[in-house]
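Protein chains in written order, with the numbering used here: chain A, 1 to 269; chain B, 1 to 194; chain C, 1 to 362.
I should point out that these hints are in silico values taken from the structure, not numbers from a laboratory. Keep in mind that the hints are not guaranteed to be accurate.
[Stated by the list, open to error] One-sided and incomplete, this derived list gives chain A residues near chain C with beta-carbon spacing under 10 Å: (1) 151; (2) 170; (3) 203.
As the structure is a prediction and not an experimental result, all values here were calculated from the model. C-beta: ideal position from N, C-alpha, C; glycine also.
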Amino acid sequence: MELILKNTGVNRIFVDGRFSYNLIDMNVGLFIPCYIDQLYPQVGIATLELLEKHGVKVSYPANQTCCGQPMANSGFEHLAHNCNRNFINSFASFDYIVCPSGSCTLHIKEHLHDAKLEAEATEIRKRIFELTEFLTDVVGIQHLNARFPHKVGIHQSCHGLRGLHLAQMSELMAAPFSKPGQLLRQVQDLELISLDRKDECCGFGGTFSVFEEAVSVKMGQDRVADHVNHEAEYITGVDMSCLMHLDGILKRKKSPVKVIHIAEILNSK
Amino acid sequence: MSSREKILAALKQNQPARQPLPDAHTGRTQPGNLKEKFIQALTDIGGKAVEAQGWKAIAAALREAFPAPAQIINTIPGLNSEFEILSSKFHPHDFRNVSPAILQGQFGVAENGAVWLTNEQMGDQALPYICEHLALIISQRDIIPTLHEAYDRISNSTYRLGAFIAGPSKTADIEQSLVLGAHGPKSLTVFILD
Amino acid sequence: MYVQHKSHAQLAEQFNRDAKRVDWHDETLWLVRIKRDRAASQVAEWEQLREAASQIKNNVLSNLHDYLLQFEQHALANGIHVHWAADATEHNEIVHAIIRKHNINHIVKSKSMLTEECGLNEYLHGQDIEVIDTDLGERIVQLAKEPPSHIVLPCIHWKKEEIGELFHQHLGTPKGNADPQFLTAAARAHLREHFLAGKLAITGVNFAVAETGEVVVCTNEGNADLGVQLADVHIACMGIEKIIPQRKHLAIFLRLLARSATGQPITTYSSHFQKPREGQEMHIVLVDNGRSRRLASDDFRNVLKCIRCGACFNTCPVYRRSGGHSYHTAVAGPIGSILAPGLDTIYLLPLPCVGRAPMFAR
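Using the sequences provided together with the hints, build the complete structure.
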């Protein structure tokens, strides 16, 4: 039995009671945010391995740089034109662009424009996916071969949640869902903890943490406390930037709780 | 050019292309037992519902709840043999000692425990707001599901004052502690006539 | 006078020096959000209502010119005086002229964020007219000479012990009594005297119906009604965006408003003022103050759809941890940051507020 996943060009083949994938023709460009490249290279490696493990052909365009989000968010989008051009040159040739960050993905999806290459920019805005939504919506993963025997709390990053709709927003009166949660539940021996406030912002917000230090720190402390109170061993999420903020707070508190990007968990064995 | 003309000219220039008016009837739920829902909603907002078999029962309940020398003011002909009927001898300031004022409501709303009445039922428009305690009377068949049906009933009628009253006057302005009787009535009883 | 304002960040830093108090503020407001979620979840068609309300407001904004004329025509026919104010100064002057005409120097006022925006209290104070804010929370901040820190919960930043001390100083309540029930009773007695003495009452407006020329005012305390019904003159002040087309649309807006604001199914009082009371004089002041300019902006027009439920405050993680006085606008909090006329910036942090605001459905 063979099912074609609409609009993705992906063939899913139903074998032995579960889906396997035929993604050979799909050309994926891996977009690794600058701070992951510089500070958390293991997240980039885990993302690559995870995708390849599921039959995705991945290339890493070596000329990629920062996507320009910090400038744009601070009101200097007009100074980020070179970032946009470079991004388009690096990624225009791919069927999909996949990125282990909700916030960088959203930035490209909403703000990538180029006066000369607008057609290419428009295509890229349609073809960029955050890692977990790519895995659930395009690859259609139903079974993960991963094991992570720990109590884990999910941090729902705002850009992923509200911009990309990776999970249901708690204030909407609508059926709940969570794409990161859906994947984590496939990880063997992983125990997902529940939180008092399941999608409260951590207070990082990029430049917000610089300009609004006091509130940013307090929000981070409160977010950490919710996870700690529910006995998390790890806090995971789709955005290393939020996790970096929480990690700073955990380390100052000398807490044994650790942060870990979701790609690392999904790739663990 | 007057401010009126200036504002209107600016609006004409600045308002976006016309957007259609949606169907105002989208989204209605039909609660099951309307009387039960109404009583529950009213209780939840600090009001009290009393089911009564007739005028005599209402009068007896009021006498019991507000024994003499409570000043009871009545605007309902059905109760005029029992209680003093509102007359023009009163100044609105006199109503501050009234416990309770008895007014006829036009209908009740099951989803929120509100009762609709207009100046026609109030006697004096200050009365329902200044009295110490308030009693409203509705008929069981006049309980409707939601505010949509409420405005269907109100339709294009005219009034000086039309009011939904839902429970006693209340505030939670001090540390979110709910206190009944902020400025208006300290209690609201709705009698539901069979 | 040029006032050097501290930045939001500086004021928030001050607020955060008392972490326990921040926790209390945060928890109190979060509880209001939970109440809202619970109330909304009991209405199966909640998201449909939000969408319908949003579309009605889109229609209003696209036809505001005609709706205002229609409203004016009906209000005049109902015997109401209608005034148009281009800006805050003109609004204050109109209100003052009505007060002066009646030789009054003491008025009662229920909650109106518009009069906050216009600085009416300060203006009238300068004209030797005493304004008594009659909403309990607003009276508390008025006695403390502060602006409200939240549009629905004006003194949410005050602890009951501090209110006890304030009332001890101003109302003569016993020192050390901080019981909300007792303090509310004391405020009731204090404000009752002002109601009985009030010859002129100012109210805000929640909704103004073009089709009928009526205005709807929602309170829990009944302070707007007491003020209006005991006064000879009623002035209702409203921003021009408060128009809705038809009376039946009130069903949608009233179903959303209180549930979003406090989690109540409806406010205690939803009063429809269609004609003045017999012998009463009623005025409506329609205020632009930057709104018509805002209407031209594709980016900021949506803010004119706001119904001031305050739900965005309660869900905003920044507001909860920085307090209403860290903002510099009459309306604090997230919505205030985009609502203030002439202000074309927006804080770039997260957007849970948008998912809660009834008016900004998708």
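Quick rundown of the hints versus the structure:
Using the Cβ-Cβ criterion of 10 Å, the hint placing residue 151/A at the interface with chain C is not satisfied: the shortest such distance is roughly 24 Å. The criterion of a C-beta within 10 Å of any C-beta in chain C is met by residue 170/A, whose closest approach is roughly 7 Å, and the hint holds. Hint on residue 203/A holds. Least Cβ distance to chain C is approximately 7 Å, under the 10 Å limit.
This entry does not satisfy hint 1, going by the numbered hints stated previously; all others are met.
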